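Protein chains in written order, with the working numbering: chain A, 1 to 363; chain B, 1 to 363; chain C, 1 to 363; chain D, 1 to 363.
Since the hints were made in silico from the structure, they are not lab data.
Keep in mind it's a predicted model, so treat the numbers as computed, not measured.
Take these hints with a grain of salt, some might be off.
A pair holds if it fits inside one copy or across any two, identical chains being indistinguishable in the list.
Claimed, not checked - Below 25 Å or equal to it, Euclidean Cα-Cα: the simulated PhoX-like pairs (lysine-lysine) are:
#	residue 1	residue 2
1	Lys144	Lys186
2	Lys200	Lys311
3	Lys144	Lys49
4	Lys311	Lys275
5	Lys320	Lys275
Number of protein chains: 4
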Amino acid sequence: MPGNSFGHLLRLTTFGESHGLAIGGILDGVPAGLSLCQEDLQLELDRRKPGQGGTATSRKEADLVTILSGVFNGQTTGTPIGFSINNTDHHSSDYQELAQVFRPGHADYTYWKKYAGIRDYRGGGRASGRETAVRVAAGAIAGKILSTQKIKVYAGSIELGGIAIEPSERDLENAFSRRYFAASDKIIGAWDEVVEEARKNCDTLGGIVEIKAVNVPAGLGEPVFDKISALLAHALMSVGAVKGIEIGDGFAAARSRGSQNNDFLLPRSSDGGPKFASNHAGGILGGITTGQDIIIRCAVKPIPSISQPQKTIDINGNAKEITIAGRHDLAAIPRIVPVLRAMTCLVLADCLLQQAALESLQH
Amino acid sequence: MPGNSFGHLLRLTTFGESHGLAIGGILDGVPAGLSLCQEDLQLELDRRKPGQGGTATSRKEADLVTILSGVFNGQTTGTPIGFSINNTDHHSSDYQELAQVFRPGHADYTYWKKYAGIRDYRGGGRASGRETAVRVAAGAIAGKILSTQKIKVYAGSIELGGIAIEPSERDLENAFSRRYFAASDKIIGAWDEVVEEARKNCDTLGGIVEIKAVNVPAGLGEPVFDKISALLAHALMSVGAVKGIEIGDGFAAARSRGSQNNDFLLPRSSDGGPKFASNHAGGILGGITTGQDIIIRCAVKPIPSISQPQKTIDINGNAKEITIAGRHDLAAIPRIVPVLRAMTCLVLADCLLQQAALESLQH
Amino acid sequence: MPGNSFGHLLRLTTFGESHGLAIGGILDGVPAGLSLCQEDLQLELDRRKPGQGGTATSRKEADLVTILSGVFNGQTTGTPIGFSINNTDHHSSDYQELAQVFRPGHADYTYWKKYAGIRDYRGGGRASGRETAVRVAAGAIAGKILSTQKIKVYAGSIELGGIAIEPSERDLENAFSRRYFAASDKIIGAWDEVVEEARKNCDTLGGIVEIKAVNVPAGLGEPVFDKISALLAHALMSVGAVKGIEIGDGFAAARSRGSQNNDFLLPRSSDGGPKFASNHAGGILGGITTGQDIIIRCAVKPIPSISQPQKTIDINGNAKEITIAGRHDLAAIPRIVPVLRAMTCLVLADCLLQQAALESLQH
Amino acid sequence: MPGNSFGHLLRLTTFGESHGLAIGGILDGVPAGLSLCQEDLQLELDRRKPGQGGTATSRKEADLVTILSGVFNGQTTGTPIGFSINNTDHHSSDYQELAQVFRPGHADYTYWKKYAGIRDYRGGGRASGRETAVRVAAGAIAGKILSTQKIKVYAGSIELGGIAIEPSERDLENAFSRRYFAASDKIIGAWDEVVEEARKNCDTLGGIVEIKAVNVPAGLGEPVFDKISALLAHALMSVGAVKGIEIGDGFAAARSRGSQNNDFLLPRSSDGGPKFASNHAGGILGGITTGQDIIIRCAVKPIPSISQPQKTIDINGNAKEITIAGRHDLAAIPRIVPVLRAMTCLVLADCLLQQAALESLQH
């Protein structure tokens, strides 16, 4: 299992390097009869493209997606949806000098070791964040599956450069309409300042993204190894730059007491499910959804490409100093936000299909 | 993919409920010729059994494992290793009254929803932590594979009830020899106090476990979706009670700057690899191992079974009050420590096999 | 993927050697709420045990199966069904002399090569036909899933030692009630003769098994690689001794003309489906079921263990002569019949689950 | 698992309909450092394109393949190889009239049932033989992996329209240089006659393809479910039009005696392996390769598109008569020959990688 596929009943397989001809993917397992057009994918892709909210590179990729199969007369046919995005704006020469040197904080050295010294060093090759565009396109299709069940997935930035939005102030529902895809309007001024400071210091920033899925039915996720929490952790930690994952109260739960952390169940309301008195669990118990909102947070490390001199070595093991010029984002936020949302959509849609299979034969 | 298997080239499939006849598993993909006996598994299982360090239940399961196949004359044969552990100490009557009521913080409600009202409610059934014994047994075998490559995996408790061991004080190497599997001797007094306080308050505690893998070769892990960080997150988040995962600096990296978080590469030492100036990355870059120590932390929520009255509902949706008597641990720590170590071993051994396949045909 | 698992949504993983402590398996993905007890499995296992119809060994394995998990109060719970069968009648000493010599027609040499000279040589170890008991037990559970949809799977012997039952004479529905699990009463005398002749000659026989699945809904199977014909071929060819597979007219279709081989569609009858004028396709078109009966035939090679002197070599490459004594069947028929039926049930039930997942979200 | 992927360590995922924008695939798991260029793929594709040996359609698809990723400076990089083939010569209007009617012998009805009445009916859509071009392209890459180990895979036609080439006359090594990819020069005249007769009768032909793999090391294939024979049967039966598979003597083995069918082992020759006295087993024992040639035969049904009036129904269940005009092959032979060869290459390369993983850690 060489690592470029994700999911079971809904399965995404991707290809593509930063500076090759194209990137793209195949999403297999989409049920027939779903209304779908290229614009559905493009809408999400446009949220990931450069120029989002002050931290992003000026590299201008149109990121125009083409659906190659699986859709006929505006409907999915149940066959695999192939799609591709051409790479149009490569300045490969920018990277030529980096062929011999490992950039600190990047995957240059690890790919070089993994693949016996062979790698497409241009722009990070396969290790470039560019591959995440394919995830976003596929996640848009997964989102369409979810919307048939009224499930919605929101995501937004809740911390940047160490400056956090208080839980009570977070509004993920409208984050995509704000700069930085911020979960609050009020924080934007403070974030502008920390971004400006980083830019002056030739430095970069990390942050935290929060994801919320609503209207998720109870019962999704499988026992033991494929708990939905485990699948989500896999999905989100597979996005470059993510170094931590929390579900519900996460690390705070580790400091809590049982009496504080348990979510009491209250008599069921008219709509069928129980009412929980709180949601410390983040919508998941025993790895299976409770019907409450699923809440996840992802820690995003600072972009490793900085325009300061850094110590490193070349492929012959000699000491070098490197200063990375070129067009780089100052933070993975906000462009990572639609990527993390997309991965969440893929997991939820896959679990929905899995549960549908079993329910159909339950007595 | 119904959720009871984990891994690719080294693949564990498990079965068993808390109060059924037995629990057990099949570990497929173990290379032939590995020296292995039942005691190798039992040694690890004994670390997970009740009575470890003051927080654990008095339920006395001998947890004796029997290897049923795949080993001949003290060596693995390359065929699947089946093994089982009989359930001998069930007091099922303790649980009879819970058949109708959902315990807060447990998977009772979610399993009931998932499986159309059908569940083995005795002791949590499949959702019980008892299934983790099977993971520990399999992890012991994975550990033997790793040891052929000199890879060692350490794990220990670094925080309990909110009381943490400072990073500089952590000694994971000897944690299994201490009470609580603590990463430091000095903390034990403080932990005894917080445990005693929880016991008095009929409450339970959470904590944090740290894992460190050493001598891991550079190059393990796959690009994009099966980054080793993603596989580890999947593995560890699949353990009940885990609500958060960090690799390297984790959430602290989100508050760091690129200039602080990058690990500089220094000229290679005599043993072949580069020397890194720091290890903020936790031994993983671009999802692939760097050759540095892999560092992971897991947030463990407090045990939800508390001997205090809690609000809940029954399966008919009526309000109930429940007080959980019986034999329950006060914290998942320390018994969860060997479980998390086992899952780490399974991931590393699987990645090792995957990389071996590719390297053998690389030119 | 080390080879001891089969299926996707319904997934069987097995373990066990001929002369180890036990053989067994885990069937994962069985929907909750299915009525199931040990006798359901035992009934099918008894058809596979020695002493069926004149060709079988006198080795007396009770083959008593124990369900270890996944069933509670007579119903499946949706969690994995673990089960085991103890090995009770091993005469391992019979095999000791074979530790050094490769039996012609057996897997001795190939396992020895695959596993670096390490193998459990007792009774063929993992390569023994004994592992098929586990398939039969799991197939019985799959058969229960199918029966909820009125799907029935029949199997019977249609040729033994070169003596075939004419197509017009085949009655698979009652084959299990006849000696040899023969598809016709009339053939039994002729088969008795050819068996007696083989016994006198210290020789063994091959034959052909036919399988028929009825009431299979149209639409099962997936496009391209997981055509149901491909999954069935995989399943059946994985049974030791099977050397050929035909669907519908099979090799005869290769000699037919398009005008002869096409099955015309006639106006649909009252029950919804079309009526086909013939069934040359064996119930599968484009890899997807048509709703007609699925028809498959499997070529079964003669048992390689013969009591005649044979040329071979030992593990040091020296020429040897070997005469295999001991208790061996004269033909894989009839004991292979329930095994092939079981594999067919596993494939059909898996495809049924897969289709249920997609249909539930089709519009 | 929705069915459009094949393989484990070497995994092909494909997309594309007959008359969509493009068809293509992603081959994941190719080791780094393999010399590869587009011409390697094109060479094999050209063998599959129309105009091969008298039975083929005049539809002129250039079938030009483009590699989109995974190759850099003429070498594979270890990352997934994405590739696509544009669809350039569609006469979709030819098919418009078939939107409402099910062609006998085609997958029209089964796809219509599977996908709730939704399908891309143009040219068979996903069920068209056009998807096999993607298999051929991927098989070419697999063949390059095999060639690093000196493994060669030959394939040729041995029977057409019921006229067979005797086993002693078969020369698969040079089949691709002959019309019909025939395994003998002498048969071509007879095949020309039967083809001409079919053409006059507006009918189509079936046939048999034989595959031979040489220099395959002993030890490939996994025990029990993933026997290499089972993987090959899966791979080959997944090709549309294949209705039967034989390994070695196949159905003839069913009529053989054990004393005839066993291949004796003779003292090992200088090159390490034993010498077998015969190869009835087709190079596979217990599902694992013996080191002898692997021999497989595939029964190929006649093309269902015939220019004769046929009875069928429309999507409303009404009786219709259909005569299929348009550009259709008279037989799947010879164009299916490179497809079957490609699938064999994919299986062998995957097994080679799997075995490499295990061997590397065997002691």
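Status of Lys186 relative to Lys144 across identical chains (alpha carbons, at most 25 Å): Neither, since 31 Å and 54 Å both go past 25 Å.
Alpha-carbon proximity between Lys200 and Lys311, which holds within one copy, between copies, both or neither at 25 Å: Only inside one copy: Lys200 and Lys311 sit 21 Å apart there, 55 Å across copies, limit 25 Å.
Intra- versus inter-copy proximity for Lys49 and Lys144 (alpha-carbon distance at most 25 Å): within (21 Å within a copy, 38 Å between copies)
Alpha-carbon proximity between Lys320 and Lys275, which holds within one copy, between copies, both or neither at 25 Å: Between copies only: 13 Å across, 60 Å inside.
Intra/inter-copy verdict for Lys311 and Lys275 if alpha-carbon distance must be at most 25 Å: between (56 Å within a copy, 11 Å between copies)
Hint violations for this structure: number 1 only, all remaining hints satisfied.
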